[in-house]
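Our numbering puts the first residue of the sequence shown at 286, with every later residue one more than the last.
Take the hints with a grain of salt, since some may be wrong.
[Unchecked claim] Under the rule of at most 27 Å between Cα atoms (straight-line distance), these lysine-lysine pairs were calculated in the DSSO-like manner:
id, residue 1, residue 2
1, 640, 708
2, 652, 371
3, 437, 371
4, 350, 581
5, 371, 350
6, 708, 437
7, 652, 640
8, 437, 581
9, 640, 522
10, 522, 708
For the record, the hints were derived by calculation from the structure and aren't laboratory data.
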Amino acid sequence: MRLSVIIAIALFPFSPAGADTRLTLDDCINAALKNQPAIRAARESVNAGQGRETQAASPYFPQVKASTGYSEDRQLGGALGETITKSYTTTLSVNQTIYDFGRTGNALDAARFGTRSAELDAERVAQDVLLNVKQAYFALLQAKKLVSVSQKTLEQAESHLKQAEAFFRAGSRPRFDVTRAEVEVNSARLGRINAKNNVRTRTIALYNAMGADPGDELEIEDVLAATASVTPFEQAKEEALKNRPEMRKAGSDIEAARARVRAEASNYLPTLSAGGAYNRARGSAEITGFPPGDIKDSWNAGVTLSLPLFEGGLTRGRVGEARANQQVLEAQRDMLRQSILIEVSQSYADLESAKARIGVMESSLQKARENLAIAQGRYEAGVGPPLEVTDAQVASVNAETDHVQALYDYQLAVARLYKAMGKGSK
């Protein structure tokens with residue numbers, strides 16, 4: 286079974302089986318969203334935030350406690366002599382906060398905004414993972430294309446070597462042409478070795494981006510030459526500021542900080558609560574010279590209004606700290622806004638540059654191939670020097686490499702622009 290089929294079954298069990306076993310970019314993205322540890326950690330952070338919400342809401346509900354125990358008390362040398370008290374007591378108590386002037390409500394608001402912040406951070410992590418997958422995917426495609434370029438270069442060098450050997454045997458060319466061609470063949474072989482090793486390295490990077498253990502070579506769909514629909518620059522900036530999870534997270538963090546300020550300020554105000562307890566007791570109290578008496582059950586209930594009169598500046602300090610933290614978050618949001626606009630601008634500039642270079646390199650590649658064909662024809666006809674063929678081969682390889690690099694840069698620039706705009710999870 287081919288490895289790509291094994292990977293598809295292990296990582297993409299929902300994908301239908303078919304004749305084409307190449308993995309698509311969406312396949313790799315889905316695998317990463319499912320298997321990446323970073324995404325799982327972000328999801329657990331959301332669960333932790335939901336746990337903090339439950340904690341913050343708990344004062345709205347009665348606090349019920351039960352306790353049981355045994356005690357023995359002896360008093361020696363009293364006015365009535367020795368007193369011995371033995372008791373088994375079971376207590377059930379209930380306490381309920383009636384009104385705390387917004388302390389619980391604001392704390393709950395802060396927890397809810399904190400959970401929303403964690404959700405948006407999980408979205409940011411997913412988008413980072415998505416970009417890493419795209420970068421690894423396109424880099425692997427680039428490496429595979431450069432293997433093809435290296436193979437073509439080797440074939441050209443071997444053909445040139447055969448022609449040089451034929452000329453040498455015929456006595457029309459010196460031995461120097463043969464040894465020079467042999468050096469070119471060895472250089473082309475080394476280039477092919479390096480290109481194949483680069484494919485293995487890029488394959489490992491793609492496995493890692495998908496959250497999978499490294500394996501053998503993957504067969505992936507070639508989309509390096511695909512074009513993308515690009516949003517106009519001004520609209521891209523607006524969408525980035527509106528959609529980026531980092532900006533929305535900053536807004537949630539600021540709202541949470543404001544709620545914490547209100548929660549801390551509510552400590553200046555009183556708290557009204559009610560409570561009660563029922564004590565079920567069994568035991569006796571014995572005083573020397575008197576008959577023992579039974580301990581009876583008891584209960585109590587009451588309403589309490591508590592007001593902090595002086596705390597040594599504790600509440601004032603907490604309110605000041607909370608307000609300062611809020612201002613820090615607001616400043617960080619403004620810095621984030623600037624960095625996002627710079628990121629969009631840089632991605633847009635890289636995209637335009639890569640798009641222009643593709644056009645230039647396509648023309649250069651065509652001319653380089655024509656020059657190579659002319660140089661090879663002149664050499665085979667015995668009217669051109671071998672150096673002319675070597676130069677044409679180098680120029681052709683450089684043009685092929687630069688064209689592939691331009692295609693990779695274009696796809697990566699598109700991916701980075703989408704990420705800068707906060708576009709979805711795919």
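Hint check:
Distance restraint check for residue 640 and residue 708: the Cα-Cα separation of roughly 21 Å lies within the 27 Å cut-off, and the hinted pair is therefore satisfied. Note on residue 652 and residue 371: the hinted pairing is violated, with a Cα-Cα distance of about 106 Å set against a maximum of 27 Å. Among the hinted pairs, residue 437 with residue 371 is inconsistent with the structure: their alpha-carbon atoms are about 99 Å apart, more than 27 Å. Between residue 350 and residue 581, the direct Cα distance comes to roughly 21 Å. Compliance with the 27 Å bound is thereby established for this hinted pair.
With a CA separation close to 23 Å, the supplied pair residue 371 and residue 350 stays within the 27 Å bound. Of the pairs offered as hints, the one joining residue 708 and residue 437 is violated, with about 39 Å between alpha carbons and a cut-off of 27 Å exceeded. For the proposed pair residue 652 and residue 640, the alpha carbon gap of about 19 Å is at most 27 Å, so the pair holds. Our distance criterion of 27 Å between C-alpha atoms is broken by residue 437 and residue 581, whose separation comes to about 101 Å.
For the suggested pair residue 640 and residue 522, the alpha carbons sit about 20 Å apart, so the restraint of at most 27 Å is met. A C-alpha spacing of about 12 Å is found between residue 522 and residue 708, which places the hinted pair at or below 27 Å, so the restraint holds.
Violated hints, in rising order: 2, 3, 6, 8; the structure is consistent with all others.
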